Amino acid sequence: MEYVIEMRNIRKEFPGIVANDNVTLQVRKGKIHALLGENGAGKSTLMNILFGLYQPEEGEIRVKGQKISITDPNVANRLGIGMVHQHFMLVENFTVTENIILGKEITTAGRVDLKKAAKEVKALSDRYGLRVDPNAKIENISVGMQQRVEILKTLYRGAEILIFDEPTAVLTPQEIHELMEIMKKLVAEGKSIILITHKLKEIMEACDRCTVIRRGRGIGTVDVAETNPDKLAAMMVGREVNFKVDKEEADPKQAVLQIKDLVVEDSRKVPVVDGLNLEIKAGEILGIAGVDGNGQTELLEAITGLRKATSGTIQLNGNEITNLKPRKVTESGVGHIPQDRHKHGLVLDFSIGTNMVLQTYYQQPFSKNKILKFSAIFDKANKLIKEFDVRTPSEHTLARALSGGNQQKAIIAREVDRSPDFLIAAQPTRGLDVGAIEFIHSKLIQERDKGKAVLLLSFELDEVMNVSDRIAVIYEGKIVAVVDPKQTTEQELGLLMAGGKKQKAGELQ
Amino acid sequence: MNVMKGRLFHILVPVISVLLGLLIGGIIMLVSNYDPIQAYSALIGGIFGNGYNIGETIRAASPLILSGLAVAFAFRTGLFNIGVEGQLLVGWLASVYVGIHFDLPKIIHLPLAVIAGALAGALWGVLPGILKARFKVHEVITTIMMNYIALYVTNAIIRAYMLAPGERTKDIKESASLASPWLQQMTDFSRLHYGILVALIGALFMWFVLWKTTTGYELRAVGFNQHASQYAGISVSKNIILAMAISGAFAGAAGTMEGLGTYQYMTINNAFTGVGFDGIAVSLLGANGSIGIIVAALLFGGLKIGALTMQSTAGVPTELIGIVIALIIFFVASSYLIRWLTNRFTKGGKI
Ligand SMILES: Nc1ncnc2c1ncn2[C@@H]1O[C@H](COP(=O)(O)OP(=O)(O)OP(=O)(O)O)[C@@H](O)[C@H]1O
Ligand SMILES: [Mg+2]
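The listed protein sequences correspond, in order, to chains A and B. Following numbering that gives the first Met the number 0, the numbering of the first sequence begins with 0 at its first residue and continues without gaps. Following numbering that gives the first Met the number 0, the numbering of the second sequence begins with 0 at its first residue and continues without gaps.
Quick caveat, the hints were computed from the structure, so don't treat them as lab data. Computed from a predicted structure; not experimentally measured. One should not assume that every hint holds.
[As the list claims (entries may be wrong)] Mimicking DSS-like on lysine-lysine, the simulated pairs with C-alpha atoms at most 25 Å apart in a straight line are:
1. A:Lys268 to B:Lys135
2. A:Lys198 to A:Lys442
3. A:Lys342 to A:Lys307
4. A:Lys307 to A:Lys382
5. B:Lys237 to A:Lys369
6. A:Lys449 to A:Lys485
7. B:Lys135 to A:Lys136
8. A:Lys372 to B:Lys237
9. B:Lys211 to A:Lys382
[Stated by the list, open to error] Quick partial rundown of chain B residues pointing at chain A, CB under 10 Å, derived from the structure:
10. Gln184
11. Ala227
12. Ser234
[As the list claims (entries may be wrong)] So, partial list: chain B residues that the calculated Cβ filter (under 7 Å) puts toward chain A:
13. Ala163
14. Phe207
15. Lys211
16. Thr212
17. Thr213
18. Tyr216
19. Phe223
20. Asn224
21. His226
22. Ala231
23. Gly232
Cβ atoms here follow ideal geometry from the backbone N, Cα and C, with glycine treated the same way.
Please put together the full structure from these sequences, using the hints given.
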């Protein structure tokens, strides 16, 4: 069998860690090949090697049977390898077309011919059903469309082999569905795809074969048709994984957070949270379900003090916290696992240890009389790294060098450890492997059982349904229904999220 | 790239840059019919040859250390302070004013004059800081404009209120002077003064504040990621203003080196002194670290002082040293190129 890509016995070391140890990956032409492994297993590293960003210490790479050394991304481009990164690389205030042609501009008489370029982009996008507006500015389009721009960028450069690094982590269910369709269309046209994802459902649905890596080592490759999610999970983690969330019946007590008639405007002065009422009790997990863009982000920002509320009140344990400064909100007992870990969650150029005290560095024992106590800081960090299984060579490693999932685990460790009365978990398991998801869910439930109030925001209905004790459906800036997860269905939730009228079955109150 | 290689690279870049700068400077001398060997031996003699030259080198380095610290401190917090020159000028004037118009015992007068200079510099830095924090006006624009305001305002004040014969102010009182007969004697009567101690304390201060205190934690966090800082409850605007204040204070202190140390007065300047702008180069070559800045400032101070000997004994114009300095900066700035070359080299250069 002819392979388009063959990576044999690849080895790559980083200081203190072997990221890839004798990994072999063979990809067939016209197929979607999944790459599966725990957080920090070395998937991104392997793909960065294939794309020429890193050089392997050992092993060989063959492209279409030919042994080759990929010294930089330009070489990869020339070989027809394109990569859609975990974090997008687009120029925000450029248009779609400008971003796509950047570095490979079409010129007429020495000047960039944007009209012609836009036409080509349009043609390319129509051919694969990508539906992008060539003249829209990146900053004004959705995450899903930005990702399609990234795909177009690789196609425009003539990519035959496309690498997708966790493309679905940032997408809504609808967008994920669309992406799967696009990928199928691409392979039907003869392209080959390597897909990294933590979602076994996606592998089962779209992929042909799947290679599993565990702690840097290649475990094996299986045909998707001959396996199932349980087997895949066991192969990847090295033990059975429990997909059902084990939890006792909730025992809700007094209200911890009370939101009344809250109005919050976004940066364009549109009231995206529009008279919202919500109550969360001690000892319960309240899930928020809703289509992205219905005011979820602004709601969380208003609670945590990152955005001003226009009117309405937010009370924590009976005390008004509306429009307090973020630090005052934190000190009054709010914890926040933010949606965007790179933007809000971490200072990437600080060590992972110093990031662990991002909200507490000024308190004892981490500092005294304004002098930082590094021994206390790193002791704390070490404890959290162990407890939450954050895979990092040491507490001194820059946060930037951790794998995406381990960055997320570090943030969760920091927030859960402070054990706030009210914990906001916004997409807490985005980019985590199934084993880590199981662990994080159990941690959230543990907080609940300690009598804390937990607010869970997630775009994955599975997660909302499994973890929450009550589900509040948000639509156009209002809570339109509160339902009991045990008595509702995904269909019903979907309907409510789309603005459908209240149903009888699962309705509470 | 692994950690060891990374560290080594950090030190290697400036060292290679300096060597390349000197090498190409030598080639330019050859082309212009000067003898580079003779020129460079004169240069080295001009830096280390005798006590006087060593003293002058250290003296010239003192304000450079402080202006380098000013640039580096701002840079560490994500700001480009191009206004060191202006902050230096107002610091110089303020220290001279206190030096002339107060009558106090030395133990109070001298520190007071230094502090006055630092405070004036801080004030000059805070204004762009406030404009940035409150109105998002880019600090590069405002600090450059503040340079011109400083130049003309200090000149006008001297002319209007402090003029002495010779287009300058009166001399400061002995009780406010950094001059040290003892240091001068040790160095064959160079103009070396106690300012070098102020500069070294400044370097220690920057290292301590940035890396050991909660204030430094906040400043650096804001410099790296404003969103995460906000999330963590760190005030972004307060820290931008504070960073500019401290940066400006370093620059103001650099001005006191001239006012209380080297000259003992302030002249009417018809152009910028250049010391503030050199701070950008010093901080770049010193990789924004305290020790690196001290070394870089000594190197630049040495090159400037040594150039004088080079001109007088080897007949090579001092401008050539200006070229060498420019080349060094060019190579540091294009360290990317060097990184690429070394990568090629270690990988055996195959595609
Ligand atoms: N630039 C780097 N410097 C140092 N260590 C690194 C670097 N990049 C990755 N690592 C380490 O290599 C290991 C593998 O990381 P990698 O990003 O490949 O994991 P991953 O499988 O993509 O995980 P995730 O699913 O969480 O994204 C991790 O332990 C990580 O800390
Ligand atoms: Mg990854």
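The hints, checked one at a time:
Pair hint Lys268 (chain A) plus Lys135 (chain B) holds up; C-alpha atoms about 20 Å apart against a cutoff of 25 Å. Annotation: proposed proximity of Lys198 (chain A) to Lys442 (chain A) holds, straight-line Cα distance about 20 Å (limit 25 Å). A hinted pair counts as satisfied when its Cα atoms are at most 25 Å apart, and Lys342 (chain A) with Lys307 (chain A) qualifies at roughly 19 Å. Under the criterion of a C-alpha separation no larger than 25 Å, the hint pairing Lys307 (chain A) with Lys382 (chain A) is inconsistent with the structure, at around 36 Å.
Distance restraint check for Lys237 (chain B) and Lys369 (chain A): the Cα-Cα separation of roughly 17 Å lies within the 25 Å cut-off, and the hinted pair is therefore satisfied. For the given pair, Lys449 (chain A) sits about 22 Å from Lys485 (chain A) by alpha-carbon distance, which is consistent with the 25 Å threshold. A distance of roughly 23 Å separates the Cα atoms of Lys135 (chain B) and Lys136 (chain A); the hinted pair therefore holds under the 25 Å criterion. With a C-alpha separation of about 23 Å, the suggested pairing of Lys372 (chain A) with Lys237 (chain B) holds against the 25 Å cut-off.
A hinted pair counts as satisfied when its Cα atoms are at most 25 Å apart, and Lys211 (chain B) with Lys382 (chain A) qualifies at roughly 22 Å. Interface restraint check: Gln184 (chain B) against chain A, minimum CB-CB distance 40 Å, threshold 10 Å, status violated. Using the Cβ-Cβ criterion of 10 Å, the hint placing Ala227 (chain B) at the interface with chain A is satisfied: the shortest such distance is roughly 5 Å. The interface hint given for Ser234 (chain B) holds, since its Cβ lies 8 Å from the closest Cβ of chain A, which is under the 10 Å cut-off.
The interface hint given for Ala163 (chain B) is broken, as the beta carbon of that residue sits about 45 Å from the closest beta carbon of chain A, more than 7 Å. At a threshold of 7 Å, the smallest CB-CB gap from Phe207 (chain B) to chain A is about 9 Å, leaving the interface hint violated. Proximity of Lys211 (chain B) to chain A holds as hinted, the smallest CB-CB distance being about 6 Å (cut-off 7 Å). Here the hint on Thr212 (chain B) is kept, as its CB sits about 5 Å from the closest CB of chain A, short of 7 Å.
Taking 7 Å as the C-beta contact cut-off toward chain A, the hint placing Thr213 (chain B) at the interface holds, the least distance being around 5 Å. Interface restraint check for Tyr216 (chain B): the shortest CB-CB distance to chain A comes to about 5 Å, inside 7 Å, so the restraint holds. Evaluation of the Phe223 (chain B) hint against chain A yields a held restraint, the C-beta minimum of about 5 Å falling below 7 Å. Interface hint status for Asn224 (chain B): upheld, as the beta-carbon distance to the closest one in chain A is roughly 5 Å, under 7 Å.
Annotation: His226 (chain B) was flagged as interfacial toward chain A, and the flag holds, the nearest CB pair being 5 Å apart, inside 7 Å. Using the Cβ-Cβ criterion of 7 Å, the hint placing Ala231 (chain B) at the interface with chain A is satisfied: the shortest such distance is roughly 4 Å. Checking Gly232 (chain B) against chain A: minimum C-beta separation of about 3 Å stays under 7 Å; hint holds.
Violated hints, listed in ascending order, are 4, 10, 13 and 14; each of the other numbered hints is respected by the structure.
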